[in-house]
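J.: With the hints as extra help, turn the sequences into a complete structure.
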Amino acid sequence: MYLLVKNVHILTVLISVVLLTFRFVLMLRDSGKKHHRFLNVFPHVNDSVLLLSGVYLIYLTGSLPFTSSAPWLTEKLMCVVAYIALGLYALKFGKTKWLRTFAFLGALGWIFMAGHISMTKVPTFM
Numbered sequence: 022m023y024l025l026v027k028n029v030h031i032l033t034v035l036i037s038v039v040l041l042t043f044r045f046v047l048m049l050r051d052s053g054k055k056h057h058r059f060l061n062v063f064p065h066v067n068d069s070v071l072l073l074s075g076v077y078l079i080y081l082t083g084s085l086p087f088t089s090s091a092p093w094l095t096e097k098l099m100c101v102v103a104y105i106a107l108g109l110y111a112l113k114f115g116k117t118k119w120l121r122t123f124a125f126l127g128a129l130g131w132i133f134m135a136g137h138i139s140m141t142k143v144p145t146f147m
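This note's numbering applies: residue 22 is where the sequence shown begins, and numbers increase by one.
Every clue listed holds true.
Listed below are the simulated BS3-like cross-link pairs for lysine-lysine, each with C-alpha atoms no more than 25 angstroms apart in a straight line: (1) Lys55 x Lys116; (2) Lys54 x Lys113; (3) Lys54 x Lys116; (4) Lys118 x Lys54.
The set of hints was computed from the structure by calculation and includes no laboratory data.
T.: Here it is, written out as structure tokens:
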């Protein structure tokens with residue numbers, strides 16, 4: 022069961038990054054397709070599956086964030102929060118395309134850092 026949930030979690034992370042990249046490119050091109058129903062609904066469905074699989078992995082492994090037993094998980098969650106915040110700025114709240122581009126690149130950096138922490142189980146910042 023663990024392996025299945027872990028693979029679903031990894032797949033939804035990859036889908037999230039692909040969707041962010043695709044939506045970002047559409048935003049840069051000022052494409053009307055960025056308001057397509059699929060692109061307004063599916064990211065929320067994917068993120069819900071991502072969140073649920075993450076919570077279930079926490080349950081299966083017994084690793085708890087914000088405790089001394091799994092500081093790497095706390096750092097991973099903080100990286101995910103940064104990814105979400107910068108992704109929102111890149112897609113919705115950025116004033117210029119230049120700032121949105123830096124936010125997008127920052128979001129990618131944070132999600133890659135979260136992946137690195139997940140694979141090594143070694144906290145980087147604390």
